[in-house]
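Chemist: The chain contents come next:
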Amino acid sequence: MLNRLLRTLFLPVYLLAIPALAWAEEAAETAAEAVPKIDTGDTTFVLISAALVMLMTPGLALFYGGMSRKKNVLSTIMYSLIALGVISIQWSLFGYSLSFGPDLNHLIGNLDWLGLKNVGLDPNADYTATIPHQAFMVFQMMFAVITAALISGAVAERMRFPAFLAFILLWTTLIYDPVAHWVWGVDGWLRNLGALDFAGGTVVHILSGVSGLVACLVIGKRKGYGIEPMIPHNLPMTVTGTALLWFGWFGFNAGSALSAGGLAASAFVVTHLATAAAALSWVIVEWIRHGKPTVLGAATGAVAGLVAITPASGFVDPMASIIIGLVAGVACFLTVSVVKKKLGYDDSLDAFGVHGIGGTWGALATGIFANPSVNSAGTGLLYGNPEQVGIQLISIGASWAMAALGTFIILKVVGAVVELRASNEEQEIGLDFTQHGEDAYTDLALSSSPFGGGMPASKTSAGAVRPAL
Amino acid sequence: MTKIECILRPGKLEDVKDALNRCGVHGMTVTQVIGCGLQKGRKEVYRGTEYSINLLPKIKLEMVVPDKDLEEVIKKITGAARTGEIGDGKIFTYKIDNAVRIRTGETGDSAI
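Top line first, the protein sequences correspond to chains A and B. Heads up: the first sequence begins at 1 in our numbering, then just goes up one per residue. Heads up: the second sequence begins at 470 in our numbering, then just goes up one per residue.
Please note that a few of the clues may not be correct.
Unchecked claim - From the structure, some residues in chain B lie toward chain A, with a derived Cβ separation under 10 Å: (1) GLU483; (2) ASP487; (3) CYS505; (4) LYS512; (5) VAL514; (6) ARG516; (7) GLY517; (8) TYR520; (9) SER521; (10) ILE522.
By construction, these hints were calculated from the structure, which means they are not laboratory data. By construction, the Cβ of each residue, glycine as well, lies at the ideal position given by its N, Cα and C atoms.
Same shape as in the complex, but just chain A (with noise of 0.2 Å):
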């Protein structure tokens, strides 16, 4: 058991042993430069976009929490709670520099800015000539937070704790960081190739979706799906959750801009439409084929409809961005009501039916509404270029390969040294309590209840201690 602690701890230990590296090193000031020059109203955006899209990390974790059962809600929220922690101190350390530093190969950045060395507060020419270049650090960094917290969307409900630790460390430094480099770091071959991806449809939302089933498929089944009712045990948390999302999106989508005028403008008000679109035509469907609207339906709707206008955000314009918002509602939900049922693979709370899906759908429709009047850099098949569809086609498919390739390769990795999946007994108990040692809602029962609860735990007692149900 200790040995296996220890086996666990191995791989997040070594790299960060990389700070003493970083320290051993001299840190280069680099003087005051005349140009470029930093813009008050660019860094203004950028830092609070940064801090918008912070918060729809803890807003995914009450998203997927509400809909969790409730002996499991703490650690499912804990997923992404935990992931604020562990890829903010990756990406400090060496995963910033491994997706934007320079270019090796076209296929992932070198280790320059490893422990932010040369990040400094002058703007990077390359990135954006008018921001600080720690502020674009600090906001890509919230993205690489937000995507590995995504997969835990796929596993809910069944994955260990340990493991999940050591898969989103391993996942981003291995998948997120090269495919981020491919499409947005300069050489990189996808943004050589001219692929479009504005704020993240392929790099985080089909990595995430995608990774995400293919976990679900190696964890394998949460114990009496299909058989026992999973149903959401805290609607109103999740939608709570959906509002900081979609807030927060503002700051993804709009933010993607890096600067503060017309394009951050038209980014915000596509991003808006096309999560209204999908909210109704989500429920319109379900409507239809069910005979109620429901709540979360167009909770996860409007979510689908942020997901899908994710790449598109700075290339098209509004009455396109209704129109992918209107598919992506569709789209994402006959995806998790029919062909999930159909394939018969449990992921748990929809990560690959709105993220992969979402994010598929989004990346194509960039390809056929990308606009030049909107954003010069990027003209689709609308516009006279069809070409831009095959180009986002090679785009999404090697999202889809890396992220099912390197995330199979990797949960066989961790598997080997941890055990991913919780027993069906640790199931039945809940992983809050077996994972955590917590109990969302002690209630009054419980804080004075005859087994001694709200006591610290006796020295001798043996064996498991359930919480009262």
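Start from chain A and add chain B according to the hints.
Modeler: Chain B only, in chain A's frame:
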């Protein structure tokens, strides 16, 4: 003394409590329960998947009354709780050995 245990529709709790208070029964214990009888469950939909929920929320009301009042109390409960539809609930009665009022130590009929 007889213990009365009733399973009621949640919406009927207030009516039954009022009826009992008016005929002098003030002590009772109320629990939220789920259960089924002849009433079939209902269908709930989450993300396009339908679930059959076969256990429905009900209210359990428990009280202990002197034997002389038993018939009257049951009539009052039934009158307040009946709607005529399936799912109105059930009443069960049990003979009680004894009862004790904790504050004073009284036993028997004066304890209830």
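Chemist: Each hint should be assessed against the structure and marked as holding or not.
Modeler: Each hint, compared with the structure:
{"no.": "1", "hint": "GLU483", "in the structure": "23 Å, violated"}
{"no.": "2", "hint": "ASP487", "in the structure": "27 Å, violated"}
{"no.": "3", "hint": "CYS505", "in the structure": "15 Å, violated"}
{"no.": "4", "hint": "LYS512", "in the structure": "9 Å, holds"}
{"no.": "5", "hint": "VAL514", "in the structure": "5 Å, holds"}
{"no.": "6", "hint": "ARG516", "in the structure": "5 Å, holds"}
{"no.": "7", "hint": "GLY517", "in the structure": "2 Å, holds"}
{"no.": "8", "hint": "TYR520", "in the structure": "4 Å, holds"}
{"no.": "9", "hint": "SER521", "in the structure": "8 Å, holds"}
{"no.": "10", "hint": "ILE522", "in the structure": "7 Å, holds"}
Checked against the numbered hints above, the structure breaks hints 1, 2 and 3 and satisfies the rest.
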